[in-house]
Amino acid sequence: MSDSDPTPVDALREAAADGVDFDGLSVAREADGLRFAVPDARYDDLSASELADVVDRHRSHVENWLFWHQHAPQRQAEWAFLRWVERADDLSVPERDARLRDADGLTREWGQVAVTVRAAEDGRRRYELRHVDDADADRATLTVHADPHEARRLRKTDDDGDYRPLSTAPTLPHGWAFVDLDPAAAVRAVDGFYPATVANWHREREGTLDVTHWHEAVSRQTGIYGVVETWDRGDGHDHVNWVAEACCDDSQCLKRREWEYDDDTPLDVDGGAGVFPCREPCSLVIAAARKWTRLEAEQSRTYEFDLTPSEKEQVEAIIDAVADGRADEIRDADTSDGANRYRARYLRAKLFDDAGNLCGVPTDPDE
Amino acid sequence: MSEALLVVAHGSHLNPRSSTPAQDHADAIRAAGAFAEVREAYWKEEPSFRNALRTVAADEVYVVPLFVSEGYFTEEVIPRELRLDFDVSDWGSDGTSADSVTLHPTDVDKTVHYCGPVGTHDAMTDVIVRRAETVTGDSEVGEGVGLAVVGHGTKRNENSAKAVQYHADRVRDRDRFAEVQALFMDEAPEVDDVTDHFESEDIVVVPLFVADGYHTQEDIPADMGIATDDGYAVPARLDGHDIWYAGAIGTEPLMADVILERAADAGADVDAEMRIPGAPTAAADGD
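Protein chains in written order, with the working numbering: chain A, 59 to 425; chain B, 722 to 1008.
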């Protein structure tokens, strides 16, 4: 603690003028001295020196109060997030104190980030962030970071080095740890991994999340995205169900979708189980929707292809494998899998003509 | 009252380098201590413009677009997505003179000073000259050397070309380079014919783009005829000239100072000593 910080006793005495009522600690100034109460003890008419003794006896309560009012970020969203991390609503101060002093600390998962809080001196907290899969890894095997702003650069690529345009895709890279963060830095790093999630999660808890539903979101678009509005016609919203199933499923994005077709028309697909909400279609959804708006303007045609039953199922297996991101995982020699590369190459060799037409059937019948 | 800087940039779904300049400049400004709180927001990345202001703690936010010209993004997309009741006439700009306007977003209780883009700030001229110095490795570069400032140019937005022309004129007025030309990808005079526009053997080519990507790393080198399988050489020999191709100007560290100039012009309490080390100010050369 630096020289400029008040001692817990001084800080409490000063705050007592307005009364303290926090996490079971209650302090008030009364006619004959201070009243101090915690869940299992109460002291009245305390003199200044008596207060010091009582503070010493119930140090965890006083330090807890001091941390949340002097050291934690006072901005509501950040404060609430850090309280959530240590389960302040569920655990009493003594319970939390014991857990925070334990080497394991208290851990919460925010998407794929495990946030661990442990006790530091004078009741302060220090935070550690890791990929949830690395929670039990030896720290020596992880790349250690101290600057919370590095999180926003780390999140840019997955384990293969591929670009992640969607920060909340479930592909956060492994192998890093942010250690010894103070409370503000912990929030900053979390926000670097998952931008704006803390702010919107807090709004949701407060009942003030400003959800913008699909129809309103696409109606707002201009420029090259203005066309997406034309995809909404009449009362149908199947196309938006398909968009949400394609893009917003938990397998693709860890935000929990709270937007629907419009205020009166919920989508038929599940919004997901993510801890933080998605308040409107994101730019990736809008960009993909622009493509679908153009593709879906086409009329269906009847084509005739001759396929064996296994070939039909193989086409389905290939679509499934690509849609589930499984194509790279199929073993070279696993020819039992319809999406195996040799199986796909055989199908192409057999069924495509020189122009790449399936079964020699041209896409445009006039060709 | 606390102040924050919010750098707003385009970003990309495909090119991870698109947001690198905004991140680098934000880090430099933070390291210099010019603002206690420095954030970024993107059209194509996160936080989105829509979610950006709620991530800022300060009550007073200076929003500086990391864009090269005034137009669709600065006049329509950014204010709309930040939920600012902005009218382009608030800037009273001739296409290159937008400064700032003070507004109140509808989703957060803050004051926003919405600034013109970095690309049209006078200090950008210094960055172009600095870029010529760094690409040639010559801090005195100019005598006997031609300078091409290259823009995208588009018929949809006349301001796109104006910004390029504006800085080319300002560099020319300094009488430092033997010749200065504004050239474009999509309109005349075109960068394809770069050597047609210069007498000087050495030609420095500075693209007025924020980030390196397809345009600056593939299109323009290919248009000029200096592209190789490995990118391009610096200098590259072309039609009896040496082409010193600088890559996107947005990656130049001095750009961080232009961002701060924009915020300071809008009233931000930016300590002059906190500005980016080694940065000349626009006033230093008599502008």
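Calculated directly from the structure, the hints in this document are not laboratory data.
A virtual CB, placed ideally from N, CA and C, is assigned to each residue, including glycine.
A portion of the hints provided could be inaccurate.
Here are the simulated DSBU-like cross-link-like pairs (lysine-lysine), alpha carbons at most 30 Å apart as the crow flies [as the list claims (entries may be wrong)]:
1. Lys765(B) x Lys876(B)
2. Lys876(B) x Lys349(A)
3. Lys214(A) x Lys765(B)
4. Lys349(A) x Lys765(B)
5. Lys408(A) x Lys370(A)
6. Lys831(B) x Lys876(B)
7. Lys214(A) x Lys408(A)
8. Lys370(A) x Lys349(A)
Distance ranges between label pairs, derived from CB positions [what the hints assert, rightly or not]:
9. Ala161(A) x Arg738(B): 56 to 66 Å
10. Asp422(A) x Glu908(B): 53 to 63 Å
11. Gly281(A) x Ser818(B): 18 to 28 Å
12. Ser810(B) x Leu267(A): 42 to 52 Å
13. Ser810(B) x Ala385(A): 52 to 62 Å
14. Leu267(A) x Asp806(B): 41 to 51 Å
15. Thr855(B) x Arg145(A): 24 to 34 Å
16. Glu167(A) x Asp780(B): 43 to 53 Å
17. Asp780(B) x Asp63(A): 38 to 48 Å
18. Gly952(B) x Gly294(A): 27 to 37 Å
19. Asp917(B) x Glu387(A): 46 to 56 Å
20. Val419(A) x Pro910(B): 46 to 56 Å
21. Ala385(A) x Ala943(B): 25 to 35 Å
Here is what the structure says about each hint:
| no. | hint | verdict |
| --- | --- | --- |
| 1 | Lys765(B) x Lys876(B) | holds (24 Å) |
| 2 | Lys876(B) x Lys349(A) | holds (24 Å) |
| 3 | Lys214(A) x Lys765(B) | holds (13 Å) |
| 4 | Lys349(A) x Lys765(B) | holds (16 Å) |
| 5 | Lys408(A) x Lys370(A) | holds (14 Å) |
| 6 | Lys831(B) x Lys876(B) | violated (37 Å) |
| 7 | Lys214(A) x Lys408(A) | violated (41 Å) |
| 8 | Lys370(A) x Lys349(A) | holds (27 Å) |
| 9 | Ala161(A) x Arg738(B): 56 to 66 Å | violated (41 Å) |
| 10 | Asp422(A) x Glu908(B): 53 to 63 Å | violated (36 Å) |
| 11 | Gly281(A) x Ser818(B): 18 to 28 Å | holds (24 Å) |
| 12 | Ser810(B) x Leu267(A): 42 to 52 Å | violated (34 Å) |
| 13 | Ser810(B) x Ala385(A): 52 to 62 Å | holds (53 Å) |
| 14 | Leu267(A) x Asp806(B): 41 to 51 Å | violated (22 Å) |
| 15 | Thr855(B) x Arg145(A): 24 to 34 Å | violated (53 Å) |
| 16 | Glu167(A) x Asp780(B): 43 to 53 Å | violated (33 Å) |
| 17 | Asp780(B) x Asp63(A): 38 to 48 Å | violated (26 Å) |
| 18 | Gly952(B) x Gly294(A): 27 to 37 Å | violated (49 Å) |
| 19 | Asp917(B) x Glu387(A): 46 to 56 Å | holds (54 Å) |
| 20 | Val419(A) x Pro910(B): 46 to 56 Å | holds (49 Å) |
| 21 | Ala385(A) x Ala943(B): 25 to 35 Å | holds (32 Å) |
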